[in-house]
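Participant: If you want the building blocks of each chain, they are given just below.
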Amino acid sequence: MDQRVNASMVAVAVVEPDAQLMLRVKEGDAASFALLLEKHRAPVNHFLYRMVQNRAVADELAQEVFLRVYRARASYEPTAKFTTWLFRIAMHLALNSLRDGRSERGQERLDEETPEAGGRQVPDRRPTVEQDLVYRVKLEEVRCAIQGLPEKQRAAVLMHKYQELEYSQIARVLNCSESAVKSLLFRAYETLRARLAHLA
Amino acid sequence: MECPIQRRENADLLLAYCARRLDPETAAVLERHMQVCPACRAFGESQQAVWSALDLWEATPVSEDFDRRLYDRLGREERAGFWRRVRPWFPVGFRPVLPVAVASAIVTVAFLVQSPSSAPSPAQLETVDAEQVERVLDDLDMLRQLNVAPRSADAPTQAM
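Going down the list, the sequences are from chains A and B. Going by my numbering, the letters in the first sequence line up with residues 142 to 341, in that order. Going by my numbering, the letters in the second sequence line up with residues 59 to 218, in that order.
Hints are not guaranteed to be accurate.
Reference excerpt, derived from the structure (chain B facing chain A, CB under 7 angstroms, subset only) [what the hints assert, rightly or not]:
1. 107
2. 111
3. 112
4. 114
5. 118
6. 121
7. 132
Derived from the structure by calculation, the hints contain no laboratory data. Ideal placement from N, C-alpha and C gives every residue a C-beta, glycine not left out.
With the rest of the complex left out, here is chain A (with noise of 0.2 angstroms):
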């Protein structure tokens, strides 16, 4: 059993680069951790304001995902991909936030300034005060779509859709099958399809 689990730490230790460069970290390489922080920040960041919808809590809590990395970097062990460990620790403090409804109590709104509404680059140039209105109202039913879905399910498709992860990563990272992983996802679009099937 040993001996297996000590396998696959090599695998996946030989065949990934992020694994490489944490047991690097392990050793007490700064540069190693600055090289994961510049690969990460942005999707772990980008995932965890999805996940609350809350631009100030996303950031404190992607703080806190890195800062976690570094403490634990002396018990790591490559024993999964480094993407899957780190957005487990991403969904565990998105979760505990929710559950503590830190993020609702600032919740950002339509009409607030945000990045991807105000400051917005369409193909076109700039886009028409129409097209912004409208992109907007598009973005807000979007938001309240993922909003509306149950933690996991939203976890799952956060993941899927923007991440890029595979479904056993996913699976990991929720801590179950990937069967049910891919019944998660399954129920999650079909809430989609039924909420954001017009806007095509």
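Based on these hints, arrange chain B on the given structure of chain A.
Facilitator: Here is chain B on its own, set in the frame of chain A:
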């Protein structure tokens, strides 16, 4: 091909197709099936609509000072971690405040004792030097007089 809609365990094929994650061969087979299966075609179209709608939600930029704040926090943790590692060496209940205060007091007193205000000023040094020179000159005068006096007293003796 078995209809993915009919068999739930194959439904992820349709999701994977809309997410463009199917290998080309399987995608081609599914496309041929969708041409003849209205249910799968409708599913694919509505899923594609959802996929496009989700694309509207673009990523937000990460705050510019994200790394600086993170490294600040890591630095604070490292310093706190150093104390946590060192702490077991000290007795239980030991607080670093008292020894640090005593050490600071010693350093302050030492500084005050050695401070420039207690050392002689350059003017004082010049005064001292002048006095010393005067005293040396007086001493030389006195010695000269003493040297001269015996010689003059000895002279008649030598003459005799």
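Participant: Hint by hint, note whether the structure agrees.
Facilitator: Against the structure, the hints:
Nearest Cβ of chain A to the Cβ of residue 107 of chain B: about 3 angstroms, under the 7 angstroms cut. The hint holds. The criterion of a C-beta within 7 angstroms of any C-beta in chain A is met by residue 111 of chain B, whose closest approach is roughly 4 angstroms, and the hint holds. Hint status for residue 112 of chain B: holds, given a least beta-carbon distance of 5 angstroms to chain A, under 7 angstroms. A hinted interface residue such as residue 114 of chain B counts as satisfied when its beta carbon comes closer than 7 angstroms to some beta carbon of chain A; here the least separation is about 5 angstroms, so the hint holds.
For residue 118 of chain B, the suggested interface contact is upheld, since its CB lies about 5 angstroms from the closest CB of chain A, less than 7 angstroms. About 5 angstroms separates the beta-carbon of residue 121 of chain B from the nearest beta-carbon of chain A, less than 7 angstroms, and the hint is met. Using the Cβ-Cβ criterion of 7 angstroms, the hint placing residue 132 of chain B at the interface with chain A is satisfied: the shortest such distance is roughly 6 angstroms.
Hint compliance for this structure: no hint is broken.
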